[in-house]
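**Q** As they're listed, the protein sequences go chains A and B.
If you count by our numbering, then the first sequence holds residues 1 to 356, one letter each, in order.
If you count by our numbering, then the second sequence holds residues 1 to 166, one letter each, in order.
Hints are computed from structural coordinates only; laboratory data are not their basis.
Computed spacing ranges between beta-carbons, pair by pair:
1. B:Cys6 to A:Glu95: 32 to 40 Å
2. B:Lys9 to A:Val278: 13 to 21 Å
3. B:Arg118 to A:Glu95: 24 to 32 Å
4. A:Val278 to B:Leu77: 53 to 61 Å
5. B:Cys6 to A:Val278: 18 to 26 Å
6. A:Thr18 to B:Leu77: 47 to 55 Å
7. B:Lys9 to A:Lys193: 31 to 39 Å
8. A:Lys139 to B:Lys66: 43 to 51 Å
Taking beta-carbon pairs under 7 Å as the criterion, some of the chain A residues facing chain B (in silico):
9. Arg44
10. Gly171
11. Thr172
12. Glu286
Ideal placement from N, C-alpha and C gives every residue a C-beta, glycine not left out.
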Amino acid sequence: MMKISDLADNTGEWLRGTGPESDIVISSRIRLARNVAKYPFLSRANAKQKKELEELIRTKIEEAEVYPTLNYINLSELSSVDRLFLVERHLISKEHAEGEKERGVAFEKSENISVMVNEEDHIRIQVIRSGLELRETWKTIDDIDNKLERKINYAYSSQFGYLTACPTNVGTGMRASVMLHLPALGMTHHIEKVFNAVMKLGLVVRGLYGEGTQVSGDLYQISNQFTLGKSETEIIEIIEGVIPRITSYERMARKALISESREQLEDRVWRSYGMLKVARMISSEEIMHLLSQVRMGVNLGIINDIKMKTLNELFILTLPGHLQKLEGRELTSSQRNIIRALYVRKRLEKIETLKG
Amino acid sequence: MKCESCNKKYATVHLTEIVGNVKKERHLCEECAQSVNTQIAKVPSPTEILTNLINQVAPGINELSKIICPVCGLSYLEFRSHGRLGCPMDYTVFRKGLIPLLEKMHGSVQHVGKVPSRAGKELIKKNELMQLRNELNKAIEKEDYERAAELRDKIYEISGDNDENK
Ligand SMILES: [Zn+2]
Ligand SMILES: [Zn+2]
Chain A
1 MMKISDLADN
11 TGEWLRGTGP
21 ESDIVISSRI
31 RLARNVAKYP
41 FLSRANAKQK
51 KELEELIRTK
61 IEEAEVYPTL
71 NYINLSELSS
81 VDRLFLVERH
91 LISKEHAEGE
101 KERGVAFEKS
111 ENISVMVNEE
121 DHIRIQVIRS
131 GLELRETWKT
141 IDDIDNKLER
151 KINYAYSSQF
161 GYLTACPTNV
171 GTGMRASVML
181 HLPALGMTHH
191 IEKVFNAVMK
201 LGLVVRGLYG
211 EGTQVSGDLY
221 QISNQFTLGK
231 SETEIIEIIE
241 GVIPRITSYE
251 RMARKALISE
261 SREQLEDRVW
271 RSYGMLKVAR
281 MISSEEIMHL
291 LSQVRMGVNL
301 GIINDIKMKT
311 LNELFILTLP
321 GHLQKLEGRE
331 LTSSQRNIIR
341 ALYVRKRLEK
351 IETLKG
Chain B
1 MKCESCNKKY
11 ATVHLTEIVG
21 NVKKERHLCE
31 ECAQSVNTQI
41 AKVPSPTEIL
51 TNLINQVAPG
61 INELSKIICP
71 VCGLSYLEFR
81 SHGRLGCPMD
91 YTVFRKGLIP
101 LLEKMHGSVQ
111 HVGKVPSRAG
121 KELIKKNELM
131 QLRNELNKAI
141 EKEDYERAAE
151 LRDKIYEISG
161 DNDENK
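For reference, chain A alone in the conformation it holds in the complex (with noise of 0.2 Å):
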């Protein structure tokens, strides 16, 4: 079986910072909701029912294999840290992590692909790529799909489509979400219209955790609000649709900030590279912050050392989870900061040595 340390070295390869438009949108991640005939929902499973579920799909998902090298980790098994771990790996949800009983997640080692057992829903479907790419991603998701319905029989009707848990995922059982990077557009107080925009197409704006989670670090995930009453195409198309001209508007408001106070702008980006090179401690609300002024300075080429695959892991390496895989213990709030700001000042004199 695999461990959880193994994955600590690297990051998922939606964070290589390629792709259509991968200068502003991070990346693409489509999930499917489908719930396993013949049996209850979870909140009304009991713990005999939650076994034999997790032990179907667990058989189910190698038999049709779905994919050649997946690797299933049981999560009741699993320690907090680790369970935030995956979290913050975008591998399983939030209220997977702290759920109960029988559960699991299979994923493919690029993390592109992961199959949460036992969520609110019996199965999760997940595939994130890097940059837009919501179509290929869709091609992808639909293939597993198919292959695990061929061996298991899903909950289905034909005028609500896939059953779940929760009305509001039922019909597709489709969420398709974009993560974007959009700093100007937030200082220039521009992001509100975009989010008018969006809202009237049927779309909604979190965070980068997804339900309920705070923004930060200019990220934010577009996502479909209705799953009843369009395909799976549609859906995707209205996303993809409106994307590029969110990207289009951030990339203006970039322009205006460079043409009207590049110096503000240049302080702002420099020190904020500065902060994480000599900060002895860095809070995870700050390191936030200065990631996304310098990953916008990369995109504007007033720095050039440092690589956009570099910004976007450290977004997910400095965080709280990660950390304490990294020193192998559970740490306080303030141990964390004096290690991430260590970690990170590790990580940029590597690319200082490197430069020679």
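Given the coordinates of chain A, work out where chain B with the ligands should sit on it, guided by the hints.
**A** Structure of chain B with the ligands alone, referenced to chain A:
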């Protein structure tokens, strides 16, 4: 930048809140941030939105409140307070309450999109299921719980993957 709450320490925490459509920024020191964190208006969770919606659209509560799913035992009232359904059959059992809710939530009550390849067999099962449900109701009326349990298990076996528009 000084913390906007205590005005003494440096602001190291930069929060962005979305309240309705409005984005608000707050710059705080870590201590103040921890103490205000609980007061910051949260983006309502889907569950909160859902329970709100349920309360808005639920028609004729009295009539619906008596309904209990014979398969999983969830009552309509429990669904209303938690926003989670208990089993695939609930979409049929609570249909009357769900239709206006789904209409408001999604702007539609008809799935358009992917169909599992095995969905064809469903029509046959649909009839079988309707019969079983009638039998189950009769068994409950007669207080024959052993028979009811048997029927319930059978219904489980074929429910969920069915086309059951009543
Ligand atoms: Zn303060
Ligand atoms: Zn039920």
